[in-house]
Structures are given as structure tokens and as C-alpha cells.
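Chemist: Which chain is which? The protein sequence lines are A and B, in order.
Quick note on my numbering: the first sequence kicks off at 5 and runs consecutively.
Quick note on my numbering: the second sequence kicks off at 1190 and runs consecutively.
Quick caveat, the hints were computed from the structure, so don't treat them as lab data.
Computed from a predicted model, the values in this text were never measured in an experiment.
Note that the Cβ used here is the ideal one computed from N, Cα and C, for glycine as well.
Wrong hints could be hidden among the right ones.
So these bits of chain A aren't anywhere near chain B, every CB distance computed over 12 Å [claimed, not checked]:
{"no.": "1", "residue": "F15"}
{"no.": "2", "residue": "F63"}
{"no.": "3", "residue": "G73"}
{"no.": "4", "residue": "D75"}
{"no.": "5", "residue": "V76"}
{"no.": "6", "residue": "H89"}
{"no.": "7", "residue": "H95"}
{"no.": "8", "residue": "P106"}
{"no.": "9", "residue": "K114"}
{"no.": "10", "residue": "T131"}
{"no.": "11", "residue": "A150"}
{"no.": "12", "residue": "D165"}
{"no.": "13", "residue": "M200"}
{"no.": "14", "residue": "Q221"}
{"no.": "15", "residue": "V223"}
{"no.": "16", "residue": "P231"}
Pair ranges (Cβ atoms, derived) [stated by the list, open to error]:
{"no.": "17", "chain 1": "A", "residue 1": "S40", "chain 2": "B", "residue 2": "N1267", "range": "25 to 33 Å"}
{"no.": "18", "chain 1": "B", "residue 1": "N1267", "chain 2": "A", "residue 2": "R14", "range": "13 to 21 Å"}
{"no.": "19", "chain 1": "B", "residue 1": "L1271", "chain 2": "A", "residue 2": "A229", "range": "51 to 59 Å"}
{"no.": "20", "chain 1": "A", "residue 1": "D66", "chain 2": "B", "residue 2": "I1373", "range": "56 to 64 Å"}
{"no.": "21", "chain 1": "A", "residue 1": "S169", "chain 2": "B", "residue 2": "S1266", "range": "30 to 38 Å"}
{"no.": "22", "chain 1": "A", "residue 1": "D132", "chain 2": "B", "residue 2": "A1412", "range": "38 to 46 Å"}
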Amino acid sequence: MIRVENLHKRFGDNEVLTGIDENIEKGEVVVIIGPSGSGKSTFLRCLNLLEVPDEGKVFLDDQQINAPGVDVNKVRQKMGMVFQHFNLFPHLTVRENITLAPVKLGKMNKEQADAKAMELLQMVGLTDKADSYPSQLSGGQKQRIAIVRSLAMEPEVMLFDEPTSALDPEMVGEVLDVMRDLAESGMTMVVVTHEMGFAREVGSRLFFMDQGCIMEQGVPAEVFANPQNDRTKQFLSKVL
Amino acid sequence: MSGLVCSLAGTGTRAWLLYAENPGFWQKFQDDFYKCFIKDNRYQMLLGGIGVTIKVSLLSALLGVIIGFIIAVFNLSNSRILRTIGKIYTDVIRGTPSVTQLMIIYFVIFATIKWSKWIIASIAFGINSGAYVSEIIRAGILSVDKGQTEAGRSLGLNASQTMTNIIIPQAITNIFPALCNEFITLIKETAIVGYVGLVDIQKAGDFIKSATYKAFMPLIGTAVIYFVMIKVLTLLLDKAEKRMRKSAMR
């Protein structure tokens, strides 16, 4: 479903991604772990072109999306993204946050979008917050709304960039629960995370990234139990 | 400190006594007032001047906001050519006196175009104000967290949909106070329209001064009119700002 070939990204002299070739199939839940500065987030952001790769190709459903002339906005409608800092729109209510994109992009009319919003809010247990503003919500609630906002566009893939890193510990669970439900429903997901428990239980495949490339990958439980790469061993010994 | 206050109060009292107990002075004040503002319907010239000042201020503020917004978009765009145009514009406007700009636009650029004087003057002030407004708007837009743009774009909104639906509504609360300030500066700036033959408040006061050979009364009168106008405006704008903050703080 997502394929990258020889992906390179530089910020000035700093080469953040040093050539990644990878293929992610429909229905996979890929979890990406690694030390900070290893290029995890940049890799994720290259997938929906929030960062434009300097070299290499990114494919979604066999269409090269970083080719000239491709309508990036159309591509992004198929890829939801959830950010570490939620990035809800503070001047809009929860309902308006969720319905803005589907309505503005002509995917649904106002009534359909409202119905969809309520259905999704039901799923995450926040129907009573529909008319609240983001400033009135807790961190965990904000992140659940942010997930719902992305889902309202009915994406084929969901990208998560450290979705629980900015949360108070007692709120991490409620967000991970939503993500787990989403994975069980068959959504294709790519998740950059520091939650090793979540990676082990929910991930179908794990990437360990360091120094701008994927050093090791495999079934999460196996990588955790029996890492092959020295850098992986070192990293896991610190975080487990 | 208290000594200074005492002596100031003393001076004030003395002046007042001089005023109150000296019928000649009081009489002269009344005479001057009559001569400068009432005789020959001179107040009408000032009233006309107020009209001109208001007309020019409003039109140039409107033009300034429009031009400022366009230049801000230029300055924030990805195109180097547009950014350069924006930069040159701001540099030239900030680097030359507004009187010079006004006269160039009136006597050079619009030399052969027969539009109303006040419209040409408003264009000049609008062009001038636009440079400052563009910096205000640019700063306001940059003050909105970058994550907001990313969230908008990641949903599939294009750059201008993100700008109008997400960034601008948040930037306005930050921009508004500075924009009010710029408007007030602009009103005072228009006091130079006399240079191109418009009779605004300042020029009307000037005419009265020439006609009566009195300086005090017309000049103080001019100052008082500007002050009252701007004070009233400030109060209104403060109220509007408070209301805006309230609705933004939900």
C-alpha cells in the first residue's frame, strides 16, 4: 500500500534519512521505535509529504506521490495524521474541528459530516464534548478528538507521530485504547511511539530506526525477545 | 518632589487668578475665540476639514489593509520573486518620508489623471500604510503555531483553505490591537494633505491662523479636535478588542 524507494532527506548538512527502502501492506500496523534524532518522525512525515524527500520515491497504492504534477492535497485526504501536540483548531468547537475538512473538501455535506462526527465521537466516548472548545478538554480527550478528526476524512492509512508523548501518564491508556480498537478494525497504521508495551501488543511489524535508516525489523515480540542488531540491543536494554 | 508639586500648583493657581481676576485677559480669550471660530463662519472651514480628514483616513485605512494583506502574502510566499517585490516595497516606503511619497504620487504619478484630490491622497496614504500593515499581518500570521498549518494540510486542505479557515481567524486576535494603533497613526499622518491642496483639519486651522494673525487659538483648536476624535476612536476600539478577546477565550 505504501512503498518507499531509496528515501533520502537532508536538513542543511545533516542527513536525517540515509536511504530507506520499505513496503507497508494494507492492514499492517507498523510501529517505529528508536532513539531521538534517529529520523523516525521525519520518515513518517515524508510519507504524507509534510517533509519533501530530497531523493527517492514514495508510492501510495502504486501512484508515486512525490512526482511533479501530483495533487498532494488529494493524496493527503487518503492519509490521516495524528500529531504529538494534537494541533486541534482552538477557535473551532470539537464538532467544527471534525467536520471542517470533509465539508470544505466536498467529501460530505454539512448534515452527513455532522452525523459522521457524532458516530466517531460515540466510538471514542466523547459525544458530550461535541460543542466544547479544545481548551476545555484534557490532553487525552484532545488526542482522541484529533484521531477522530483524521478519521472523519475516511483515510486509507493513519500516521501517528508520537501520539502519547505529550500526555500525562494517566491519560496515555485512553488514547492507546482508541488506537488498539482502530488497529483491530483493520486500519493500516504507521505509529512512531515510545510505548513499548503498545508496540509489542498491537504492532504487526516493528522497525527499529537509528542514524537515518531502519536497522532492524520484524515481529515486535521477536525483536524485543531476541534483537539481532547491536544498536537494537543497546536501545532496548535502556528502555525495557 | 513635593516641592515641585507645590510650586506647580502655585503656578497653576496664579495663572488661574490671573485669568479670573483679570477681566481683560478673559475678554481677550473670548474675542479671539469669536474671531477665529465664529466670525465669517470660520468654524465651517474646520467642520469641512474634519470631513476631509475622516474621508481620507477611512479610505486610506481600507486601502492600507488590502495592500498590507497582499504584501504580507507576498512576504510569506515560497516564490523568491514575490518575496523580493514585498521586501522592496516595504523598504522603499519605510525609507522615505510620507510627505515625499504623497507629493510624488500627487504631482508625478497622478499628474495627468484627474481624480478627486482626496482619493489620490488616500491612495498615497494607503500605499504608505500598507507597508506597515503588511508587517503587522505577517507577524500575526507567524504567531500562529506551525502545527496548525500542518494539521490543516495533513487533512488535505490546500494552502489557501488552511490560511482562510485556520490561520487567519486565529491571527486576527493578535493583529487587531496593532492594526488599531496603525489606524490612529494614519489619522495623524493625514495632517500633511495640505501639501497637495486639500483642506483638512490642520490646513483649516492654518488658514484661520493666516486670516486672523492669531496662532494660539486655531492651533490649539486643531489639536483639541484631533485629540477628541482619536480619544473617541480609541474608546470604541478598546471596547471592540475586549469583546473579541472574550469570544476568543472560550
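Chemist: Compare the structure with each hint and give your call.
Modeler: Going down the list of hints, with the structure as the test:
The non-interface label for A:F15 is consistent with chain B: the shortest C-beta to C-beta separation is roughly 15 Å, beyond 12 Å. Look at A:F63: its CB is around 18 Å from the nearest CB on chain B, clear of 12 Å, so calling it non-interface holds up. Consistency note on A:G73: stated as away from chain B, and its beta-carbon is indeed over 12 Å from all of that chain's, at 15 Å minimum. Not every Cβ of chain B is farther than 12 Å from the Cβ of A:D75; the closest lies at roughly 9 Å, contradicting the non-interface assignment.
At roughly 8 Å, the least C-beta separation between A:V76 and chain B is not larger than 12 Å, which violates its mark as non-interface. The beta carbon of A:H89 is not kept farther than 12 Å from every beta carbon of chain B, the shortest such distance being approximately 6 Å. Not every CB of chain B lies more than 12 Å from the CB of A:H95, the least distance being 5 Å, so the non-interface label is violated. In this structure A:P106 is not separated from chain B by more than 12 Å, as the shortest Cβ-Cβ distance comes to only about 9 Å.
With a least beta-carbon separation of about 14 Å from chain B, A:K114 lies farther than 12 Å from that chain, consistent with its non-interface assignment. For A:T131, the requirement that its beta carbon stay farther than 12 Å from each beta carbon of chain B is met, with the minimum near 19 Å. Non-interface status of A:A150 relative to chain B is broken: a Cβ of that chain comes within 12 Å, the nearest being about 8 Å off. With a cut of 12 Å on Cβ distances, A:D165 falls inside the contact zone with chain B, its closest approach being about 10 Å.
Look at A:M200: its CB is around 26 Å from the nearest CB on chain B, clear of 12 Å, so calling it non-interface holds up. With a cut of 12 Å on Cβ distances, A:Q221 stays outside the contact zone with chain B, its closest approach being about 25 Å. With 12 Å as the threshold on Cβ separation, the claim that A:V223 sits away from chain B holds: the shortest Cβ distance comes to roughly 29 Å. Here A:P231 stays apart from chain B, with its beta-carbon at least about 33 Å from theirs, past the 12 Å limit.
A beta carbon spacing of about 29 Å between A:S40 and B:N1267 agrees with the range 25 to 33 Å that was offered as a hint. For B:N1267 and A:R14, the Cβ-Cβ distance of about 18 Å falls inside the hinted range of 13 to 21 Å, so the restraint holds. Here the CB-CB span from B:L1271 to A:A229 is close to 56 Å, well matched to the stated 51 to 59 Å. Range check, A:D66 to B:I1373: Cβ separation about 60 Å, and the 56 to 64 Å hint holds.
Range check, A:S169 to B:S1266: about 33 Å between beta-carbon atoms, so the 30 to 38 Å window is met. Distance hint check: the CB atoms of A:D132 and B:A1412 are about 59 Å apart, inconsistent with the given range 38 to 46 Å.
Comparing the model with each numbered hint stated earlier shows that hints 4, 5, 6, 7, 8, 11, 12, 22 do not hold.
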